[in-house]
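A.B. asks: Sequence:
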Amino acid sequence: MNSAPDLASAFSLMGVYLFWEEGNCEGACQYYDQALSQYLQSENPDWFRQYLNTADFPRPLIESYLYSLMQCGYYDICRDVIKDNLEPPESIFWQIELYRSAGDLDAALELAEEGSAAYPELSTMRAKYAEQLLVVGRPNDAEIEIQKAIELLPKYFPVDPWYDALLIVNQLRSGQEDQVNQRLEKIKPNDLVLTLVHIIHTLMMIEEWDSVIQYSNLVISADPENISALHSLARAYAEVDKYPEAITYYGKLLNLQPMNGIAQLELCLVYGKVGEMEKARSQISDALEG
Numbered sequence: 086m087n088s089a090p091d092l093a094s095a096f097s098l099m100g101v102y103l104f105w106e107e108g109n110c111e112g113a114c115q116y117y118d119q120a121l122s123q124y125l126q127s128e129n130p131d132w133f134r135q136y137l138n139t140a141d142f143p144r145p146l147i148e149s150y151l152y153s154l155m156q157c158g159y160y161d162i163c164r165d166v167i168k169d170n171l172e173p174p175e176s177i178f179w180q181i182e183l184y185r186s187a188g189d190l191d192a193a194l195e196l197a198e199e200g201s202a203a204y205p206e207l208s209t210m211r212a213k214y215a216e217q218l219l220v221v222g223r224p225n226d227a228e229i230e231i232q233k234a235i236e237l238l239p240k241y242f243p244v245d246p247w248y249d250a251l252l253i254v255n256q257l258r259s260g261q262e263d264q265v266n267q268r269l270e271k272i273k274p275n276d277l278v279l280t281l282v283h284i285i286h287t288l289m290m291i292e293e294w295d296s297v298i299q300y301s302n303l304v305i306s307a308d309p310e311n312i313s314a315l316h317s318l319a320r321a322y323a324e325v326d327k328y329p330e331a332i333t334y335y336g337k338l339l340n341l342q343p344m345n346g347i348a349q350l351e352l353c354l355v356y357g358k359v360g361e362m363e364k365a366r367s368q369i370s371d372a373l374e375g
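Each residue of the sequence shown is one higher than the one before, starting from 86 at the first, in my numbering.
No lab work stands behind these hints: they were computed from the structure. Since we're looking at a predicted model, the values are computed, not measured. Ideal placement from N, C-alpha and C gives every residue a C-beta, glycine not left out. Any given hint might turn out to be false.
Pair by pair, the computed Cβ-Cβ distance ranges are [unchecked claim]:
| hint | residue 1 | residue 2 | range |
| --- | --- | --- | --- |
| 1 | E361 | R223 | 23 to 31 angstroms |
| 2 | I291 | L350 | 18 to 26 angstroms |
| 3 | A307 | A202 | 35 to 43 angstroms |
| 4 | L350 | P243 | 33 to 41 angstroms |
| 5 | E361 | V325 | 13 to 21 angstroms |
| 6 | E198 | P309 | 18 to 26 angstroms |
| 7 | D191 | D295 | 41 to 49 angstroms |
| 8 | K327 | E172 | 42 to 50 angstroms |
| 9 | S306 | E198 | 35 to 43 angstroms |
I would like the entire structure built from these sequences, with the hints used as guidance.
C.D. replies: In structure tokens:
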């Protein structure tokens with residue numbers, strides 16, 4: 086296995102495993118970087134670019150790499166990866182996500198509005214704009230853009246769980262509990278957990294921690310080892326100062342993903358807040374060694 090595609094495939098699969106299965110964003114970034122290095126060495130970079138973006142992984146390589154970089158806070162590297170490997174409109178979409186992840190909500194909203202205007206027929210760009218409107222507290226405008234995004238989907242095309250999540254969170258913020266329950270009842274059972282995870286992710290963006298706890302518990306009742314829900318529940322309990330509960334769920338998460346450096350560092354902070362300094366030191370040591 087010494088050709089560029091073979092090496093990229095091996096490095097990519099290692100990155101996918103470390104990030105999505107073990108929660109080790111630091112280790113995943115190293116393998117994704119090596120995979121992209123193989124792309125640069127390829128004799129046919131145009132073909133290889135397509136190879137990287139269409140390989141049958143849980144997430145395309147570049148998307149997974151960007152997620153890993155953002156989780157680790159490597160925003161400058163993330164910006165370079167977007168610039169060097171993506172073209173509009175994909176590059177705009179990910180630049181919006183980068184701004185949001187880095188906390189620059191004004192820049193994220195401005196670019197999302199520009200992207201929506203530049204690509205008015207692109208459903209995902211409309212949805213991204215709706216998401217940013219929701220984050221900055223403009224639910225009426227967000228609902229308009231979500232509906233436009235759904236209308237742009239091909240006829241008979243199923244509504245993406247992300248779109249359902251945006252609508253539901255928007256309705257939650259507007260106090261439309263009955264509409265929320267009605268929409269949840271219409272979601273296919275196979276899509277329900279994924280939709281709930283998207284709802285949780287959006288609720289975390291707007292720091293609605295009590296709702297994060299509610300919906301995380303719904304996911305865990307259906308899927309007790311759901312990594313995303315365990316992490317969001319632990320984080321939400323920490324945010325509302327319910328530290329014993331946070332410690333419990335960080336423990337469950339780390340039993341499943343011992344190399345999850347983000348969770349290790351967050352648990353260290355929780356131990357610090359309850360005065361368990363020895364446990365905090367031990368946790369930070371584990372995180373640094375991982």
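A.B. asks: So which of those numbered hints doesn't the model satisfy?
C.D. replies: Of the numbered hints given earlier, those the structure breaks are 1, 6, 7, listed in rising order.
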